[in-house]
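2 protein chains.
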Amino acid sequence: MPQALRIGLLGCGTVGTGVAKILSEKAQELTRITGRPLTLCRVVVRDVTKLRDSVIPVNLITGDPTTLFSEPLDVVVEVAGGIGPIRDIVIKCLESGRDLITANKALLAEWGSEIFEQARKHGRAIGFEAAVAGGIPIIRAISEGMVANRITAILGILNGTSNYILTRMADDGLTYSEALVEAQKMGYAEANPSLDVDGTDAAHKLAILAHLAFGVQPPLESIPRRGINNLDAVDICFASELGYTIKLLAESWNRNGKLAMHVSPVLLKKQAPMAQVRGAYNAVALVGDAVEDTLYYGKGAGMLPTASSIVANLVDIASSRERMVQQSRLLWPKGKNNGPPILPDTDLKSRFYLRLLVPDRPGIMAEVAGILATFKISIASVIQHESTSSPPNRVQMVIMTHEAFASDFRLAVAEIDRRAFAIFPVTHYPVAD
Amino acid sequence: MPQALRIGLLGCGTVGTGVAKILSEKAQELTRITGRPLTLCRVVVRDVTKLRDSVIPVNLITGDPTTLFSEPLDVVVEVAGGIGPIRDIVIKCLESGRDLITANKALLAEWGSEIFEQARKHGRAIGFEAAVAGGIPIIRAISEGMVANRITAILGILNGTSNYILTRMADDGLTYSEALVEAQKMGYAEANPSLDVDGTDAAHKLAILAHLAFGVQPPLESIPRRGINNLDAVDICFASELGYTIKLLAESWNRNGKLAMHVSPVLLKKQAPMAQVRGAYNAVALVGDAVEDTLYYGKGAGMLPTASSIVANLVDIASSRERMVQQSRLLWPKGKNNGPPILPDTDLKSRFYLRLLVPDRPGIMAEVAGILATFKISIASVIQHESTSSPPNRVQMVIMTHEAFASDFRLAVAEIDRRAFAIFPVTHYPVAD
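These protein sequences, in sequence, are chains A and B.
According to this note's numbering, the stretch in the first sequence is residues 1490 to 1922, in order.
According to this note's numbering, the stretch in the second sequence is residues 1490 to 1922, in order.
Think of the hints as simulated: they come from the structure by calculation, not from any bench.
Be aware that a few hints might be false.
Since the list gives no way to pick one copy over another, a pair counts as held whenever it fits inside one copy or between any two copies.
DSSO-like cross-link-like pairs, simulated, lysine-lysine; straight-line CA separation at most 30 Å [unchecked claim]:
{"no.": "1", "residue 1": "Lys1823", "residue 2": "Lys1865"}
{"no.": "2", "residue 1": "Lys1758", "residue 2": "Lys1515"}
{"no.": "3", "residue 1": "Lys1510", "residue 2": "Lys1865"}
{"no.": "4", "residue 1": "Lys1515", "residue 2": "Lys1759"}
{"no.": "5", "residue 1": "Lys1838", "residue 2": "Lys1758"}
{"no.": "6", "residue 1": "Lys1823", "residue 2": "Lys1838"}
{"no.": "7", "residue 1": "Lys1759", "residue 2": "Lys1825"}
{"no.": "8", "residue 1": "Lys1515", "residue 2": "Lys1823"}
{"no.": "9", "residue 1": "Lys1510", "residue 2": "Lys1747"}
{"no.": "10", "residue 1": "Lys1610", "residue 2": "Lys1510"}
{"no.": "11", "residue 1": "Lys1674", "residue 2": "Lys1747"}
{"no.": "12", "residue 1": "Lys1825", "residue 2": "Lys1674"}
{"no.": "13", "residue 1": "Lys1510", "residue 2": "Lys1759"}
{"no.": "14", "residue 1": "Lys1515", "residue 2": "Lys1610"}
{"no.": "15", "residue 1": "Lys1759", "residue 2": "Lys1581"}
{"no.": "16", "residue 1": "Lys1823", "residue 2": "Lys1581"}
{"no.": "17", "residue 1": "Lys1510", "residue 2": "Lys1674"}
{"no.": "18", "residue 1": "Lys1539", "residue 2": "Lys1758"}
{"no.": "19", "residue 1": "Lys1838", "residue 2": "Lys1610"}
{"no.": "20", "residue 1": "Lys1865", "residue 2": "Lys1581"}
{"no.": "21", "residue 1": "Lys1674", "residue 2": "Lys1581"}
{"no.": "22", "residue 1": "Lys1758", "residue 2": "Lys1825"}
{"no.": "23", "residue 1": "Lys1515", "residue 2": "Lys1747"}
{"no.": "24", "residue 1": "Lys1610", "residue 2": "Lys1539"}
{"no.": "25", "residue 1": "Lys1823", "residue 2": "Lys1539"}
{"no.": "26", "residue 1": "Lys1758", "residue 2": "Lys1581"}
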């Protein structure tokens, strides 16, 4: 019998339990495929008194993380989340000769170069398929399947919680708060839902994909990001009237040797493939110079989809460690940003949606149109319904523009906001082609 | 400098040229990723006098396939297509210690166990990412990404030529013959277009995916298959009127421990994700017990998309040979069908579309409805337009049924075909839920 791959688990919430479940239920098949047993040897948890699923052997549970680098283990699976203390444990595990599998996008996006430096120093492999788009093997698709391609664009729905909320708001008329509570109950939201809905989680994931695809190591603050936490249902309704759906998109593309990237709610044509991505599903579109357009779709979170990616990485380490080590050697080189420079987001061109609440009196449309024209922004379509309210009569004015520079558009918005008729600041979102 | 991976190319048509192009243009990047150069050392062609792209060094070209197993090479890339003589060359390459990469679905589907037996015997690896769905890394997705899953269903648009023809017929009103000629001009059709349009190519690819997913080794004749070569444009129009698109689908799913599989034109709701797959694109939906629904989408054929998958396999062999050998060891075991038994297609349940050309006189609808009722088949909807032609007035009667067993449906069709009013045999297709 060949030697077992000895696994330590750091964290045992939903995903950790899923990993233990798959390792136990599919033990025979996984041994057949890798040629060696995958054996869970240690489970480190924060609260040892908490009741666990029966799939976790009680004698493996401990509250002491030092067991992960003092006991004989081959690989540590980190599914605890968070950064501070976890980063230190993970680095000690690499130092003491363990390979690492992590689902922690924040850790990679913010501390990738420190962690991979340790891996390189100690000849260790790091697998992180589960860190982006749960059940979709997107890391494998970029780093192996598309290895013969220069990637030119990434477009993704990467946050399942946001997409679930947007879907429930658009399809079933729920309010933002109702949909958020529901998403949390369904177990889709991360530990801290604010990172999901403010775009940070999607930006972390975009940073990881952009590193794999373009070599960049963008600090989080260099990725312009807006979440869905300030999105009003009224904009979903107007978008729908115009034939669009609003999705939280994470995008990055190479434009003449510079890299555009941002996370934002974006209006997408209803028939676009990304507009069809509903509920807790994720999707990633990749464009490569050889393969052209590709799209990957699947569950973005949840116990078994995420655990499925972690176990796939365990199989990688059990059967193809050499390759994983080689991959880890090339990733997140310290102090080197091998990618193209990042375009300031003001240089991006896009169509735009804007909405203003204005008094229902003559001349305002002319004034708004005039300001847009001043900044060379051309109007594509307008919606303004008849006012049905009693005085003070105020109406929503919705405008879709033709393509314009974000810098010009912002100046125009600032100018509109300064005018006397502007009751609230203009609401605006980019529109995808 | 580590040792180069020495590559021999068997065949140098569109795809072979694409491989040489990528190896040459991306030499530096590929060396960085694998840690060793990927070097083209020999190119075997049928016609040495033919003018080749300048990316193929003239001194490598030969008409003698024995060079592939007599000269020092590490891996042979087979992109010649066909079976007879190619099978023998490929087996000799494996015997003489070369790893193999092949894009040849017919070879794998029909001779998989012979070829993999040689690979096992000689400790060789076989890569075949390019054999199914060109640019989509679907082999990798099933055998690596979804390794922790029991797969329960596969649904694919696997033949780009057929899908191109169907798209042009549905979207632009081309006839079947016009669209076929166009597809051939675009370079989408295989050497022999009849294998594309009669469903054989899709059945070969389905056999490969079903082997990976379910362990079965179905002989080609056990896969019920119909192509698009007898599809009439009028059925595309009626389907559209009912809210459906017709696609050539390859399907296989586990039903209570038995495997259903078939290739057929199928009516799909227009808003279904598969219905959005246009032109020469392919798509594969996989359902796994852990990850649930996933979908992969990309170019199914063409020079660079297919070459991109071949080069990805070259990188696998250069950097992860051990794992590829282990995978090859488990595939197509000789004389063993490890999968579930295949359901006879008469046991499949489905909704059905049927169309009859009938005389425009009273009583026929009653007669048809009566026959369907006899076989417990319930009608969901009917289209019959007013006749506008001069005598003999004949009209198209189109019926969509509720779910029924294929066996019952066929008996009903046979009974309708026997009646005096039946001018032509009934045209019928299954309808997806």
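When the hints from earlier in the document are held up against this structure, which numbers fail?
1, 2, 3, 4, 6, 7, 10, 11, 12, 13, 15, 18, 19, 20, 21, 22, 24, 25 and 26
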